[in-house]
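Engineer: The chain contents come next:
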Amino acid sequence: MHDFKRLLGYSKRFWKLNVLGLILAFGVILAGLYVPYITKSIVDDVLIGRQFEQLAPLVVALLAATLINALMRYGKSYIFEYTSQGVLYDFRSQLYSKLQAQSFQFYDQTRTGLLMNRMVGDLQAVRQLLNTGYVQVIEGVFSIITTVTVMVMLSGKLTLALVVIVPFIYLSTRTMSRRLQPVYRGIRQAFEDLSSYVQENITGIRVVKAFGREDYEIELFKDITAAYTNQNIEAADIRSVFIPVARLINGMAMVIILLLGGYLVIQGDLTIGALVAFNGYMALLAGPITNANNLVNQWENAKASLEKIFQLLDEDIVITNKAEAIKLDNCRGEVEFKNVSFKYGNEDVLKNINLHLRPGTTTAIMGDTGSGKSTLISLMARFYDVTEGEVFVDGINVKDLEYNSLRQQIAIVFQETFLFSDTIAANIAFAKPDASQEEIERAAKIADAHDFIMEMPEGYQTVVGERGIGLSGGQKQRIAIARAILCNSQILVFDDSTSSVDMETEHQIQQTLKEIMDNRTTLIIAHRISSVKDADEIIILQDGEIIERGTHDQLIELKGKYYQTLMEQYSEYSQYLAKNELGLDLGGA
Amino acid sequence: MSNLSSEDIRAKALDVNQMQRLFQYLKPYKLQLLLTCLLMFAAALTDLLGPYLLQRSVDIYIANAQFLKLLLTSLLYAFLVVLTYLCNRIKIRLANRTGQNALLDLRRDLFNHVQRLSFDFFGNTSAGRIMVRIVNDVNTLSNLFTNGIVNVLTELAKLVVASMMMIIIHPKLALVTLATAPIFMTLLFLTRNAIKRRWRMVRVKLSNLNSYIHENIVGMKVIQAYVRQKENSKRFHSVIGDVYSSWMEAIRINSAFGPAVELVSVIGNIIIFWYGARLLAIDGITVGVVISFTVYLRQFWQPINMLSNFYNQLLVAMASSERIFELMDAELDITSAPEAVELEKVQGAVEFKDISFGYKPDQLILKDINLKVKPGETIAIVGPTGSGKTTFINLLARFYDPNQGQVLIDGRDIRQIKIESLRKHIGVMLQDPFIFSGTVIDNIRYGKLDATEEEVVQVAKAVHAHDFIEKMEDGYYTMVNERGARLSIGQRQLICFARVLLADPDILILDEATASVDTHTELLLQKAIDKLLEGRTSFVIAHRLSTIRNADRIMVIDNGQIAEIGTHDQLVAKRGLYYNLYTVQYKYLHAS
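Protein sequences, first through last, are from chains E and P. Heads up: the first sequence begins at 1 in the numbering used here, then just goes up one per residue. Heads up: the second sequence begins at 1 in the numbering used here, then just goes up one per residue.
Simulated from the structure, these hints should not be mistaken for lab results. Check before you lean on any hint, since a few could be wrong.
[What the hints assert, rightly or not] DSS-like, lysine-lysine: derived pairs with alpha carbons at most 27 Å apart:
# : chain 1 : residue 1 : chain 2 : residue 2
1 : E       : K338      : P       : K221
2 : E       : K222      : P       : K30
3 : E       : K322      : E       : K98
This is chain P alone, in the form it adopts within the complex (with noise of 0.2 Å):
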């Protein structure tokens, strides 16, 4: 049912093709890496030094009472102290940067692309969903893209430039040394299953969570006025003790691993003291170089501890990062054929041919509808709840495409017309008046970005929406927030009717626009309607057969069909369909 997944547990293995995308991200900015690399490589170097002159000084300056060797020895090393300060810093800068960048880069084209997507995406995922893989799960990337990948590249240069090190004094010595890593290596690999599994278990129920808690803010309302509160706590502490159990779950194999690593490396300085002992004894190497191993270890099992660290951040940023893909892949049904057109002068003859249509494959809407409309017309379209009407509207506006026949604007398929150019010709009023937070002049010229301010003033006057919003507190600059919560419905819908007249398309549609503005505002608005349908194609949904008597022609939807089609006076005529729905609210007034 749901577009994108719902966080099943899913025990893949590390997805090569996922990382060679993530780091296309970081493609651009390779110079960068590059640079930063070497920053790391040198202070790695610079690092490592250190122990070779410390080897050097014991041996020789220290034994031998060399003071001004050993003085000299030791600016050295202040001086490459301070070179691997500045290395450090600019290559902090720089990964920082660069990495902030990448995100920049992937947060945006997942933003775009899901600008993109189509109607029938957004019906089908919520958008908690969506929400938080542009938010968080770009975030949670932003450890691997800013010092994770240098991290590991400079843990990778340290150890093999230690284990060299190491191999180059004394390569005998080296080798039972370094014995215990692939050991080490096994271990890990053998918990590497289990962790994973227990890290996504977290997420999930982390997902979870989030999504509860926003469905509880948004739906407060609803939850105070029925009292739900104590069930929804219920709810809520099994949630949030499910995350609980997750992630100890997790932490216990976790915790596991700095000791682990530690012990190992005991073991390795074990391995030298004992096998250096007994190359002592024969001679065979000098108490500098068993000392200056022993810190090569350590400098070798601090990256392998740092590495075992990036790999459970890894985990976790690959989980993320399938999600960001599964987002990015989702397919994008409505686009412009590469043929396609920008609507010049629109007439706005309208046709709709042999159309067919169904949102699932096997449970059709609409059937065989075939309709032309000549420029200028207003229909009327009506018809029991849950006919097709608002299906009609969402092919014609090209929010869904049929299944089968075209509907054509001016003789042209709107498949070939180019979307945004379609869009700037077909204003829509939606059935949700929806508001965005920001001052009410900036809602209304959403219909048109660079209205005047008096040209909007015009457009609420012509909708009534004037009288009401010069009253609110700062006019129009009053700042509405989201969801209009300041406003009643009707006030919100005459807000959104006042963009769509800014907006002033060529083809105009209304559904159900009217339904919850008190009859004497709807008059008012029907008059400036009426205005505005002069010279304008116009569809219009409503249930109010007072609405629609003025139109040109009433089409009535029966059943994903048309079943009536012509004036009011011809359907009422008929004694049809229309008929009944138009007799029906004078009945009922008199059924008392």
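For reference, chain E alone in the conformation it holds in the complex (with noise of 0.2 Å):
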């Protein structure tokens, strides 16, 4: 009930349409009743009273109420679709704003799916309430209201004798919306386990037919639409035994009309017109009864989608901006994290780091897989929150910045690149859309991606599509590493982001970068000694924690990890060439 009050707070907007609508509907209805009004005059006095010169005048009369009605109608009908598209709107403008705000963590733990289903299905089936569901409750109301009244000016013993299925009316609904309720909120479950599935067998359809798996998916897939299928089944079960309620209880009222209405005939006290008059009402009811039940079916449907759909709105956004948050302007680039330390779950992700990145200065970060790299970055743009520590922009903690001036300060090449559907073009301007070709292309040159760009049919107007599909991976991370150049940021961070470049290209891109990194902080995560040697500072983390720190030359005097991790890239050749070569001793392994 309360939800449904929510969702009614969506159409004040449109009050005063609503309101004329509804009007509209009364009209329909007082229309509709004048009708059978008509009907009986023209079957007593024409029909039966041979006064055949009536005729005329009541068919002008029925004539007009019904092309009024006509017109009420549609007039009705369009202004409920427009209010209820018009709270659509709101709903997914609502939602996607929801989406747009909500956290990392959040993305982490909900499916794609998921969302999917709040968006398009759950939507659609609320959408349907809000057009006809409350409008017909009204307008059924009210149509019984007044054709009873008008019943019972006609006969007020038949009208009496028909009270009698009034509890049968109300103890149908009440039944079935009990035993829907639960098997509607099972066929969501199972619609969304259905569109989750298929949604990732079809992004992982290569690991399937890379391990051959087809007929394996082919039998889950016979589980997971049998138990859609069931559910819908069950559902429907439910449904046959109360929907053609309806229809009984109607029939019985009739068989009352005919009984008890021909006997008051035969009495005398009734005429045959208003008998076929009370017949024409009875028959007006039997449109608000059936869709009693209709439209409870309708609200157990609308109901479950209806929750999951507030239950979105209403999350909990993880990470949110002050009151006063402070807009970052005139970034220096100094970051600095202290005492940083994050726990994600169960796991300790990162202790106790301290870290100081000077502006302008290189700092590259090296370390085994999951020794919270990453995490780093993620805790510097704030995209998660430290569980104890503190990390300073500019010498203010970034819970106190407005999290979009300080993310528009930092531009980040991720270790797994996204392109949207849209050109190359729209991808690499992707922070700046309005930025100019030259712009463009110049961040392209940067990123040694212009060429191959050229190659392609349509060059920088080259549609790629969702995951960059068509592209190799050193090309899709060229365009990343383009992208973030051309956010011209004060912070630059490169997640890994030369692994499926090879090293003739690396060493190309860095060169070209060295400028631009020339007045930046940049931070570079790598695992290639080639990738982080030129840095200012290098840090190593192992198991969450900094082990070694310095430069490149004070951490080979170290003979530590790093020392450890340069013999290993190049121990062999290292032998081979600094013998022979370039008559060098690294004096290693």
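These two chains come separately, so use the hints to put the complex back together.
Structural biologist: What follows is the structure in structure tokens.
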């Protein structure tokens, strides 16, 4: 009920139209009531009474009433479509805003399929409710009141006899509602499972095919579709019991009218015309009565969806701006991690990190898989909040900064490249949609992407699909680098961004990047020594802790993990080359 | 470019062929459908008897004060009402089951077909488009399959019976009354195309919306990192605005139907009264008949109203079915030839004979590739980015077929081998480490579905994934979600690696598998790989020469051709392409 009230709240801005619509709805009902009345007159006066001269004016009245009725019906249904679409628009808009504001943690834990269902399927169910649902309830009530009033005027006794059907109507709607509720929830869930499964299967189809697991997947799918189908059948079985009941009740009412009405006519308490008219009015009631069950059905269906939608809208957002959040202007690019620890679930990802990135410097981070390197970036850009300690940018705690202004000053090239369904140019200009072609090409040249882009069929206007299908790993990465460069931000982050690029290309990129990196604070995460050796400071992370730090030369001196890595990467080659080609002695393993 | 239509607006007449194909899915259930129709017919009959009984009552029993006969008639009416209820109830159950089961079959067929499609297809089609067809478009047909067809038949039956009753009772009056029907039909036909086009437009806009939402959700991290919320929000509002306006466009015409039918129906009534009155004047008819005619007329127009609503439903369903069949008809490029055999004992000799291939017909990626690999040999594939290395692997695993030439395993063309068998014997580790939703152990087990926990742990240990897995919340039974968001890229790679290892293939392909793992772990992996490469023919693609160092032979691909091939020492001595690639890293190391 509370959800329903909230739903109605969305209609508030259309209240004037809604009122007009309701007025039209009432008009329709009244005009509709007029018809049996005229029919009664026609039957009693013209057909039975043989007053044929009455026919013409009565017919004209009938036609006029129907015409007005038709126009009002059109107007009414148009208005309610208009308002329900308007509410739908608002819902979509709000949901989208909510999704945009949600934190990384939310997306870690929520399946795409589920979100898609909220935005698409669940909204549809709600729309139907809005469009016809509550209007039909009001119409139904009004219709019943007015129709019953007229019926009472025609014959109080007959109307009284019909009261007996009311408890049956009530019972059937209530029972149906109770039994449908859990089943509709079940359908929702089964549908979500279905779409999530398909989503994953299609996204990972290459793995399916690589392992030849098509048959396996087909078997799994059988179970999932069976579950969905069974839920639907269960719902239909319930409906099969209750929906025809409306007709049954109507039919019984007709029987009562026939028997009792006939008796009254025989006794002379009622005219045949009145009986016929009464019949006609009863037929009018058939609509609302049948609707009652349908509406319950619709409501139960929509309720499950509505619940889920509001749940999504009400979901907490973990990363929010403080009320007096500071905007980061004229960023110097000074980043400091003070005693930072970060825990994800039960895992200690980072422990007591102390790091100072001075403006204009380049810091490199190396470390084993899962040692927490990427997490540092997430904490700096405030995609997650620290568990302990503080992160400062330009001396201000990131929690006190307006997070969008913070992120505008940090350009990140992620480990996994995601490109949007758009032209290459649009992808590069992602952060700055109104960037000029020169700016875009300049960024692409620095990322060593310009050449291969020009070789593509439509050059910069070539459309790349979701996940950048059609491009090699290295090409995607270079576009991602160009995208970051175009941001022109004070802080640059490269998270293993040249892993798919060969060394020659990597070196070229590094050279051209040097100019850019000069006045900016750069953070590089990499595995190759060649990627990190020129950094002002190199940090070695292990199990979430900093175990070594220093320049390339200092770390070599240390003969610790860095040195070990260097040796591992250059072991046999270094011996060979050092001795035979370059006359060097690394004194290594 | 795309294999599936970008929902362009085509105004085609109702495709009979397509409807036939849809009906094929209902065919297995034709007995149930028949029964359902019979039930509906019965229900309709009992429904229609009502007015007849009413007529008799008014004319005879009430007029002649025959109360007993009235009572009996009423009881009969009551009995018919209950009968109708039972018929309706069974009918709903039956119709729904039939429809749902037919839908189930359709959905499964579609999914199964998609599983068999080739890499080429998936390379050119967005996942979202495929999903929409399997999940949503099939659902759109649900009303059609469950209620639609049966309702149409029933309404048609009602229509026919009502007309028949009228004609039987009083042909002249019937003819005059039913004259309005053709007028309405013509009106319907005239607006048909306009309505169809508008609903099509709505579907297009909705599809755009869904694609946009999908992309935004999947790429939300990038959107937030690049503070793109405002711009994307602007676009989003434009997209939902489009949906809104296209919907209202369609509604403008759609809403007119109901009222129009009402109007025509009342005109029909008026005709009945007018003509009926004239007939009454000459005693050609009874009052009862006139009244029952009004009832029959209502029972004539109601079905027409339903049918016109159904027509709209049908249009929507047709749009969906078009898309479904488009996907269903997508060609299976890579199939097992009818004479294809299972691979028994695989030695592992691989040969590429005169291979030429290009993803597009006019752009060859590989040209005249000839290579003979002995069983158990490890071949390292290197070369500049985009030279054709991944393509080479795709041909070996038969994800694509070559334009020219043959790929042979143990002397047999792989096209002559059953695909499932081929896949069992070739293990592939792809560039993108894809993790399914499920537990860690489920993901690894994908390599060998019936592996025991010990086998999984053993393999995990070999790739040095065991340690970090044990550290996770529930160890091997930790749930990792779609795209393995809780795992770092390196961890994902290791799990994928374990997967391949568990499959224990005869031929192994590693495509840049170790590119994003730190050097230390990579070295340990290297040792495990070395062990595994024993007795297996292997192809390794990597950028890091330290990985390739120990291969039996190194193949340098440049510009789609094998530029150099030989052992590491041989190639270094050549001072050619390989030497350059190899010395590059040290060159830059010392450049500072």
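Engineer: Compare the distance between the alpha carbons of K338/E and K221/P with 27 Å, and conclude whether the hinted pair is satisfied.
Structural biologist: holds, 25 Å
Engineer: Against the 27 Å threshold, does the CA-CA distance of K222/E and K30/P hold or violate the hint?
Structural biologist: holds, 23 Å
Engineer: Quickly compare the C-alpha distance for K322/E and K98/E to 27 Å and report which way the hint goes.
Structural biologist: holds, 17 Å
Violation of the numbered hints given earlier is absent; every hint is satisfied by the structure.
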